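So you can see what is in the structure, the chains are spelled out below.
Protein chains: 2
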Amino acid sequence: MRHFTVELEELNHKLLEMGGMVESAIHRSVRSLVEQNKELAEQVIRDEPAINRMEMQIDGLVTRLLALNQPVARDLRFLTSALKINTDLERIGDLAQHIAERSLSLMHHPLVKPMTDIPKMASLVQSMLLKCLDAFVNGDTEMARNVLLSDDEVDNLRDAVYADLLATMQRDPGVVPAAVDLIFVARNLERIGDHATNIAEDVVFLVKGIDVRHHAEDETDLSMPRPRE
Amino acid sequence: MRHFTVELEELNHKLLEMGGMVESAIHRSVRSLVEQNKELAEQVIRDEPAINRMEMQIDGLVTRLLALNQPVARDLRFLTSALKINTDLERIGDLAQHIAERSLSLMHHPLVKPMTDIPKMASLVQSMLLKCLDAFVNGDTEMARNVLLSDDEVDNLRDAVYADLLATMQRDPGVVPAAVDLIFVARNLERIGDHATNIAEDVVFLVKGIDVRHHAEDETDLSMPRPRE
Numbered sequence: 013m014r015h016f017t018v019e020l021e022e023l024n025h026k027l028l029e030m031g032g033m034v035e036s037a038i039h040r041s042v043r044s045l046v047e048q049n050k051e052l053a054e055q056v057i058r059d060e061p062a063i064n065r066m067e068m069q070i071d072g073l074v075t076r077l078l079a080l081n082q083p084v085a086r087d088l089r090f091l092t093s094a095l096k097i098n099t100d101l102e103r104i105g106d107l108a109q110h111i112a113e114r115s116l117s118l119m120h121h122p123l124v125k126p127m128t129d130i131p132k133m134a135s136l137v138q139s140m141l142l143k144c145l146d147a148f149v150n151g152d153t154e155m156a157r158n159v160l161l162s163d164d165e166v167d168n169l170r171d172a173v174y175a176d177l178l179a180t181m182q183r184d185p186g187v188v189p190a191a192v193d194l195i196f197v198a199r200n201l202e203r204i205g206d207h208a209t210n211i212a213e214d215v216v217f218l219v220k221g222i223d224v225r226h227h228a229e230d231e232t233d234l235s236m237p238r239p240r241e
Numbered sequence: 013m014r015h016f017t018v019e020l021e022e023l024n025h026k027l028l029e030m031g032g033m034v035e036s037a038i039h040r041s042v043r044s045l046v047e048q049n050k051e052l053a054e055q056v057i058r059d060e061p062a063i064n065r066m067e068m069q070i071d072g073l074v075t076r077l078l079a080l081n082q083p084v085a086r087d088l089r090f091l092t093s094a095l096k097i098n099t100d101l102e103r104i105g106d107l108a109q110h111i112a113e114r115s116l117s118l119m120h121h122p123l124v125k126p127m128t129d130i131p132k133m134a135s136l137v138q139s140m141l142l143k144c145l146d147a148f149v150n151g152d153t154e155m156a157r158n159v160l161l162s163d164d165e166v167d168n169l170r171d172a173v174y175a176d177l178l179a180t181m182q183r184d185p186g187v188v189p190a191a192v193d194l195i196f197v198a199r200n201l202e203r204i205g206d207h208a209t210n211i212a213e214d215v216v217f218l219v220k221g222i223d224v225r226h227h228a229e230d231e232t233d234l235s236m237p238r239p240r241e
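Here the protein sequences come in this chain order: A and B. If you're matching positions, the first sequence starts at 13 in this note's numbering and goes up one per residue. If you're matching positions, the second sequence starts at 13 in this note's numbering and goes up one per residue.
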C-alpha cells in the first residue's frame, strides 16, 4: 500500500488534469461556435469519452483511498468533496459537448448576430472553473468566494443574451431555430458556471468545516485512532 | 455509537424521504403549469430550502458513517453511491423549482397549446425517479435497467415538444416568450430524466461491482480486516 499523502497528491493531480480537459472542451466548443469551425466541435465530441474514463478513474482512486486508509476529519471531507467535484467536472464536459453539438447544428445557418455576450459568458465561466480548481487544491476560501461572486455576472450576461435573442426571434421568425440553439448555448454556459459555483461551495465547506465543526471533529478523533499524520 | 446497520436503515429512509419530497415538487410544478395554479408553484419554491437541508443532513450522515465505521467493499460503494444519489436528488429539486418559476412566468399568457406531451414527459420522469429509488434501496438491477430504457422515450417526447414549439413560434412570433418558457420546461424534465438515469447507473455499478470486481475486492479484504458481517 502506497503512502496516503502520495496517493492524495495523485488525486489532486488527476483532478487538475480532468479540470484541464474540460477547460479545453469549453474553449474549443465556443471557438467552434464563433468561428463556425466544424473540426473543433468534432474534436470536443471525440474527446468526451476520455473525460468519462477519467471520471471513473478518479472515482476508483477515491474509493480505494477511503477503503485502505480510513481517513477521518479533514481528509475524509477532502475525499467526499473530491467525489462531488469529479461529478461536477464530468457534467461540465457533457455541457461542453452539448455546446459543440449546437455549434454543428448552427454550422449551416448564417450567424444570428455578432454574439459578443456568448464569448464573454464563456471566458467568464472558464475563469471561474480555473479559480475553483485552484481554490480546491490550495484550500483557498478567498478564491472560492471570488468564484461565488462571479455567478451574478454570469446571470446578468445570460439575461442580456436571452432578451436579445427573444427580440430577434420576434422580429424575424426565420431565425427561430438558430436562435433557440443559441439560447441553449447560453443556458449550457450558465450551468457550467453553476457547477463551478458548486465546486467553490464545496471548497468553502471543506476548509470552513475545520473551524466551525471543531467539536464534532474532536469526537470523531476520540472514537477511533487517527491514521498517519 | 449506534449499530452500523441501524444507521444504514436511517440513511435509506432519509434518501427515500428526500425522493418523496422531490417527487412531490415535480408533480406540483407540472400541475401548476397545466392548471395555471399560482399557489402550487409558490409551494414548490417555498419547499425547496427543506430539500437543501435534507441534502446536507444526508451528506452529514454519510460522512459520519464513513468516519466511524470504516466500511469496505459493498458497504463503501453503497455509501459513495448514496452521496452521488443525494446530489442528483437535490438537483432534481432545483429543476422542479425552475419549472415552478417558468410556470409563474407563463401565468399571465394564454396557454400556447394543449401541451399534452409535457405532462406525458412529466409522468414518465416521475415514474423513472420512483423506480430508480426502489432499485437503489432493493439493489434491484432489473428495475434500474428498466429506468435506463425509458431515457430514449423521454428524448423522443422532448423532440416532439421542441418541433411543435419551434413551428408554433415561426407561425406566430407573438408566442415566442411563452414558447421559450415551455422549451425550458421540457429541457428541465429531460434533465430530471437524466438524473434518474444517473441514479440507475449508480445502482447497476453498485450491484454489478460485486460480481465483476471480485478480484479487486479480495485484495481489499486481505489488506485490512473486514468489519461487521
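You may find that some hints are simply not true.
Treat identical chains as interchangeable: a pair holds within one or across any two.
Listed next, the in silico DSS-like pairs over lysine-lysine satisfying Cα-Cα at most 30 Å (straight line) [claimed, not checked]:
| id | residue 1 | residue 2 |
| --- | --- | --- |
| 1 | K50 | K96 |
| 2 | K96 | K26 |
| 3 | K132 | K26 |
| 4 | K220 | K143 |
| 5 | K26 | K143 |
| 6 | K50 | K132 |
| 7 | K50 | K220 |
| 8 | K132 | K143 |
Quick caveat, the hints were computed from the structure, so don't treat them as lab data. For clarity, every value in this text was computed on a predicted model and none was experimentally measured.
Go through the numbered hints given earlier and state which of them the structure violates, listing their numbers in rising order.
1 and 7
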